[in-house]
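Asks: Sequence:
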Amino acid sequence: MSSNSNNQVYPVLWREQSPATPLQGHVLLIDQTRLPNEYTVVEINRYEDMARAIETMIVRGAPAIGVAAAYGVYLGARDIQTSDRSEFLAQLEPVAERLRATRPTAVNLFWAIDRMVKTARQTLGSVDHLKQTLLDTAKAINADDIQTCHQIGDHGLKALPTNPKKLRVLTHCNAGALATAGYGTALGVVRSAWRDGRLERVYADETRPRLQGAKLTAWECVQEGIPVTVITDNMAAHCMQRGMIDAVVVGADRIAANGDAANKIGTYSVALVAKAHNIPFFVAAPLSTIDFAIADGSEIPIEERNPSEIYTVGETILCPAGAEFYNPAFDVTPAALISAIITEYGAIAPAQLREQLADKQAG
Numbered sequence: 000m001s002s003n004s005n006n007q008v009y010p011v012l013w014r015e016q017s018p019a020t021p022l023q024g025h026v027l028l029i030d031q032t033r034l035p036n037e038y039t040v041v042e043i044n045r046y047e048d049m050a051r052a053i054e055t056m057i058v059r060g061a062p063a064i065g066v067a068a069a070y071g072v073y074l075g076a077r078d079i080q081t082s083d084r085s086e087f088l089a090q091l092e093p094v095a096e097r098l099r100a101t102r103p104t105a106v107n108l109f110w111a112i113d114r115m116v117k118t119a120r121q122t123l124g125s126v127d128h129l130k131q132t133l134l135d136t137a138k139a140i141n142a143d144d145i146q147t148c149h150q151i152g153d154h155g156l157k158a159l160p161t162n163p164k165k166l167r168v169l170t171h172c173n174a175g176a177l178a179t180a181g182y183g184t185a186l187g188v189v190r191s192a193w194r195d196g197r198l199e200r201v202y203a204d205e206t207r208p209r210l211q212g213a214k215l216t217a218w219e220c221v222q223e224g225i226p227v228t229v230i231t232d233n234m235a236a237h238c239m240q241r242g243m244i245d246a247v248v249v250g251a252d253r254i255a256a257n258g259d260a261a262n263k264i265g266t267y268s269v270a271l272v273a274k275a276h277n278i279p280f281f282v283a284a285p286l287s288t289i290d291f292a293i294a295d296g297s298e299i300p301i302e303e304r305n306p307s308e309i310y311t312v313g314e315t316i317l318c319p320a321g322a323e324f325y326n327p328a329f330d331v332t333p334a335a336l337i338s339a340i341i342t343e344y345g346a347i348a349p350a351q352l353r354e355q356l357a358d359k360q361a362g
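Per numbering that gives the first Met the number 0, the sequence shown starts with residue 0, numbered consecutively.
Be aware that a few hints might be false.
Capping the alpha-carbon separation at 25 Å, the derived lysine-lysine pairs in DSS-like fashion look like this [what the hints assert, rightly or not]:
hint, residue 1, residue 2
1, 359, 157
2, 359, 117
3, 130, 117
4, 138, 359
Simulated from the structure, these hints should not be mistaken for laboratory data.
Here the structure is a predicted model, which is why all the values come from computation and not from measurement.
Work out the full structure, taking the sequences as your base and the hints as a guide.
Replies: Shown next, in the form of structure tokens:
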């Protein structure tokens, strides 16, 4: 299934049907819309179903979306019925376009799809060989992301303050195992700190309007016995003022070349308050989240979601008829508010991203 006896969570998994028919497997996704009350695994066999799973947030978090999209490209490729390579490549492009259209902000989605399409174009041989290569590439993206998250966690541990010896860390949204292929980015740092006895407690912003902190971050921490306290988003400043927070660690869905970082709506507010209280604010994300093609955060597209996320909780309507709503899913935190961006290559000052990492991404 999507977790093991050590309570490690893997939200995206490839399940092989049998060794004799390796191409005929399927993808397993933890349905994050049902957590924390119900642990459900969804089986995905078609690329259109994967696209809908991404759109409806069954799978979410930039790295996890990238892994899911890679498998989605393969599922679409598997269903193409032709032995002609040129025709196969032509039919693969609409599959890629459908998956690209699912979520506009998370750059990992586009990175993974582009890698899959590039692999298809560069692979010679029969169409069956090409399909196998695409599956192998999706599996590699999956495995690489887990390894990357462990590296981010360990680099983040080194970047955290050394005083006090046991830290109280604030998070916003979910950047844990559920948001990646496993272990997590921001929660990867938390996990590494917990493993090494450096963590006292996680304070998890609830993260309105979809409550990813309350539902997902808290769920992950409870699974592993990590002390966690859920607070409403508007309590973060109060907690910092009272000396309850030693560091903030968040994830990102896209980072511009200058270090501006897009993350779940409300992150910018947390960064401003952290700056006011002289509390270090870290962004943890893989290299694939950095978009060197855009100069700064003003160029990051911000997804706007259905306003019903604001005015309803379950079947309960919270707001009066006639009110209007604005529901951006992300905001952009300026680089000047970020202490360091923690990647698999280390904790790097935002101004040094291009100098230290651009050549690694190109490679």
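Asks: Would you mind marking each hint as holding or not holding in the structure?
Replies: Verification of the supplied hints:
Annotation: proposed proximity of residue 359 to residue 157 holds, straight-line Cα distance about 22 Å (limit 25 Å). A C-alpha spacing of about 18 Å is found between residue 359 and residue 117, which places the hinted pair at or below 25 Å, so the restraint holds. Only pairs whose Cα atoms come within 25 Å are accepted, and residue 130 paired with residue 117 is accepted, the gap being roughly 13 Å. Under the criterion of a C-alpha separation no larger than 25 Å, the hint pairing residue 138 with residue 359 is consistent with the structure, at around 21 Å.
The structure fails none of the hints (numbered hints given earlier).
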